Amino acid sequence: MADRGMGGPTVKKLATLVAVLLGCLLLTPAASAQPRETAIADFGGCLASQREGDLLLMIDESGSLQQSDPDAARVSAANYLLEQLQSFGDSAGVALDVAVAGFSADFTVHAPWTRLDGTTLSALQSEVGEFRSRTAGLDTDYWTALDGARSTLSEHASGGPASCQAIAWFSDGKLDFTARDGEKPYAPGVSLSTDESVQQVVAAARESICRPAGVADQLRSSGIATFAVGLASGTAEAADFDLMRSIATGEPAAGQACGARTVPTPGDFYLAQNIDDLLFAFDAFSSPGQAPLETEAGVCALEVCEAGQHRFVLDDSIGAVTVLGFADADGLVPTLVSPSGTELPMPFTTTAVTSGIGDVSVDHRWLSDRSVSFTMNKPDDSDDWQGMWALVFVDEDGSDPAARSKSNIHISGNLFPAWLGQDVTAIHSGEVTSAVQLGIVDSDRVEIDPSDLLGSAYLSVSLTDSAQVDHQLASGIPKSAIAAPVELDFTTVAPGEATLRLVLEVTTADATNSWGGTIAPGTDLAPQYVDVPITVAPPIGYPTLPNRIDLGTIEGAGTFPGEISIGGPGCVWVDPAGSVRIDAAPDGVGDIALTTGGAGTADSCLTVDEGASAALPLELTVPEAGNGALNGSVRLMMSPAGEPDRAMPVDVPFTAELLKPLDSGRFWSVFLLVFLLGVALPCALLYLRKWQTARIPAEMLRAQRFAVTVSGHGLLRDGRPFVLHDNDLTEIVRGLDKPARRLSVDGAELEARTGGFPVGSGYVLVRAPGLLGASDATPATDRRSGDARLPLAVHNHWVLLHDPEGPADQAQLLLLVGGGASQERIKRLVDDAGRRAAGAIAELRRRSDNSDNGTSSPSGTPVPAQQAAAFDPFGMPNSSAEPTFGAPPPFGGNTAFGDAPDRNPGSAAPAPGQPFDPFRPPGS
1 MADRGMGGPT VKKLATLVAV LLGCLLLTPA ASAQPRETAI ADFGGCLASQ REGDLLLMID
61 ESGSLQQSDP DAARVSAANY LLEQLQSFGD SAGVALDVAV AGFSADFTVH APWTRLDGTT
121 LSALQSEVGE FRSRTAGLDT DYWTALDGAR STLSEHASGG PASCQAIAWF SDGKLDFTAR
181 DGEKPYAPGV SLSTDESVQQ VVAAARESIC RPAGVADQLR SSGIATFAVG LASGTAEAAD
241 FDLMRSIATG EPAAGQACGA RTVPTPGDFY LAQNIDDLLF AFDAFSSPGQ APLETEAGVC
301 ALEVCEAGQH RFVLDDSIGA VTVLGFADAD GLVPTLVSPS GTELPMPFTT TAVTSGIGDV
361 SVDHRWLSDR SVSFTMNKPD DSDDWQGMWA LVFVDEDGSD PAARSKSNIH ISGNLFPAWL
421 GQDVTAIHSG EVTSAVQLGI VDSDRVEIDP SDLLGSAYLS VSLTDSAQVD HQLASGIPKS
481 AIAAPVELDF TTVAPGEATL RLVLEVTTAD ATNSWGGTIA PGTDLAPQYV DVPITVAPPI
541 GYPTLPNRID LGTIEGAGTF PGEISIGGPG CVWVDPAGSV RIDAAPDGVG DIALTTGGAG
601 TADSCLTVDE GASAALPLEL TVPEAGNGAL NGSVRLMMSP AGEPDRAMPV DVPFTAELLK
661 PLDSGRFWSV FLLVFLLGVA LPCALLYLRK WQTARIPAEM LRAQRFAVTV SGHGLLRDGR
721 PFVLHDNDLT EIVRGLDKPA RRLSVDGAEL EARTGGFPVG SGYVLVRAPG LLGASDATPA
781 TDRRSGDARL PLAVHNHWVL LHDPEGPADQ AQLLLLVGGG ASQERIKRLV DDAGRRAAGA
841 IAELRRRSDN SDNGTSSPSG TPVPAQQAAA FDPFGMPNSS AEPTFGAPPP FGGNTAFGDA
901 PDRNPGSAAP APGQPFDPFR PPGS
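The sequence shown begins at 1 in my numbering and counts up by one.
Think of the hints as simulated: they come from the structure by calculation, not from any bench.
Please note that a few of the clues may not be correct.
In the DSSO-like style, the derived pairs of lysine-lysine whose C-alpha atoms are separated by at most 30 angstroms in a straight line are [claimed, not checked]: (1) 827 <-> 690; (2) 184 <-> 690; (3) 174 <-> 184; (4) 184 <-> 827; (5) 738 <-> 690.
Label pairs and their computed distance ranges (CB to CB) [unchecked claim]: (6) 517 <-> 491: 44 to 54 angstroms; (7) 379 <-> 447: 24 to 34 angstroms; (8) 379 <-> 721: 39 to 49 angstroms; (9) 307 <-> 828: 57 to 67 angstroms.
As the structure is a computational prediction, the values presented were derived from the model and not from experiment.
Virtual Cβ for every residue (Gly too), placed ideally from N, Cα, C.
Given the sequences, and given the hints that come with them, work out the whole structure.
This is the structure in structure tokens:
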């Protein structure tokens, strides 16, 4: 670690710096800490207010990813996002539920809703890791993805209309389909069989998504933010993502708009071209409501210099800092420089490293060959924290003087603006509300004294009313006046459901030298938003209306009754000039109508006395059945009793979920046909279907067989710990140009079997003359033949072959590796085989001994009852040593993945333990 002053000597300036990379321009706007009206700010403001929310991570599974993202950069970036979100939730006091879904021709939830915290992060990341091999999808079907996302989020919403919900959506291509037989629900009667008809389906999908009240508007009117990331790599071009950008942001693309609801901003879009772009794209929304400080600079040749510094100033009000840095040249060394001038180089490494400067601990790791992330946490009672810090990329040999660098700096003060005493403050339209108490709270929502902040702080208040009109109520209240009561003017604010936005802008204290002179001004932190849902009551003397009308679930077509509850005193009627607005509705439902029973004019209004209540009847007419969200509003007029000249309009939102009913005629016809034909034909059909699908998938497979010695410390190869050489696993298995029933693999035969039952999956036997076998699957060995048993998808599995008459420590390891498997994946495969080899060989030799005693036979003779009981006739899929979604956790430690996230952790009960598996490694 070197010790130089930040203003030390610099080398002679070399070449003129080149322009910033196009990808950087696309991902990062100019450095600024000024307020920006973005969807991520809105989502963060909601989370800061509600302190809980939902994020659906939705990842493309189409086959084009094999070319556009062969190294699965999307997986690395998405897992980085999960890490940062978990850190954000812990520090900001926000409970975030996460689900993971994939889409191509279909939409599938792979990891159900799970509370993101330190105990669940690794399992969620493991599920995301499975997307490395999920690259065989036929389509890039935006419609199916978005409709599935809306339904998934709607079912999980726990906070009603105030729920904070968002989608993080990744795709590598445009809306597209593979030509084949079949139809899509939004293009009935149009087959996908020709290229021409595929384009018709593309047009139908786009129309259904982007029409007014279509799928995009259903998401927006349901309060779901969309953060979209497009990977323009391989054959994809930037223009291919025009539709994705328009869906997310509401901005017209290529002259075409998508959806009618564009205020507030419905989402954000990021275009990426490589792993580093993806990291910065996901990082942009990794701390909702706490936008990073985005900076760009050059690099320093040979040593730290002034021109290449990414500076930030900290004071004791800041608790932690996380920085994502990137340089567009290889071999540069990111260097952290402390206020004292001490330098901490962070050279490239494949593992996470913990080091420090003085009392400040620094954890850093490289996320790619050019991107590094590090985190600093404020120590207790330390003089090393406060002052000016800098990140510098140093070109140690001076070979890339024109290189550029950029950074996202997340400074976590975890200070939030607050409306103190909100629960006891009544807000009426048409009045000036006095004695409103504002303040600042920490992540535990404990009030702090604004005067304790070392830098400056300003608090502003605005409101968006039920008519979607914005009102600035207070602006730039300095920290010295934040604690004083303020007046807020609601004289022009419409009554009804509204959002009060509090904005806190903090600047850290200036960095000073030992005699008090200013070295650098404080850093302007990203504004902290808090969006508080409130009800603005009508003026005194007017009737009260509900914030929202929830019509529930509507099944089928027809006319459905409802009502609006009215509280007195006053008079209510329907505005005849424009009573109903439909914001979102499913395809094909026709002209939906919402009507009221009477009360159509001021003369026929519904009058309610003081202290009384009444119901205004409603009727919802749905001409045709459909699936999707119905959102809109009805405009009512209200006035004090007998004073229609003082009438004011109020827009009351309504919502419903429309469902198509089960086709009962078709259901009973099919039921009777099956009943009449009995069980024979269905069973035969099940057998036939299972036989047709019992094949090894047509995906690239590399395989090799190794002679190994099994020791107490793992596998040995030629007397040394097992490692793979550069010339290993280079042979591609022949015969997988189409799904196969038999394969020859390095002296072993792989044979697909249907199994003896009509349900469940088929499996594969691995035969090697004179040898018994075990695999990493469950069951590991076929109970009849003694051969190793694998699932049909044999890729990325291992098989251990052993001669029970030979030495107990000798075996042969057969590795079956998918074409796209990374070195890390292969290493995990080998390590797993090493951990489980001793137990597998012991079981194979025990099986052989039983065979000699006549109690078991590799060739199919009877087996003892306890072994027969272990046979699974339904072909259950391979188990894993990793935590599995939908299964109890090991040892009953935590809530099972797949259960509803525990919103009251204290009530959790231990889960049952897992069944004994003799081949599971210790501790798994």
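What hints, given by number in increasing order, does this structure fail? Structure breaks hints 1, 4, 9.
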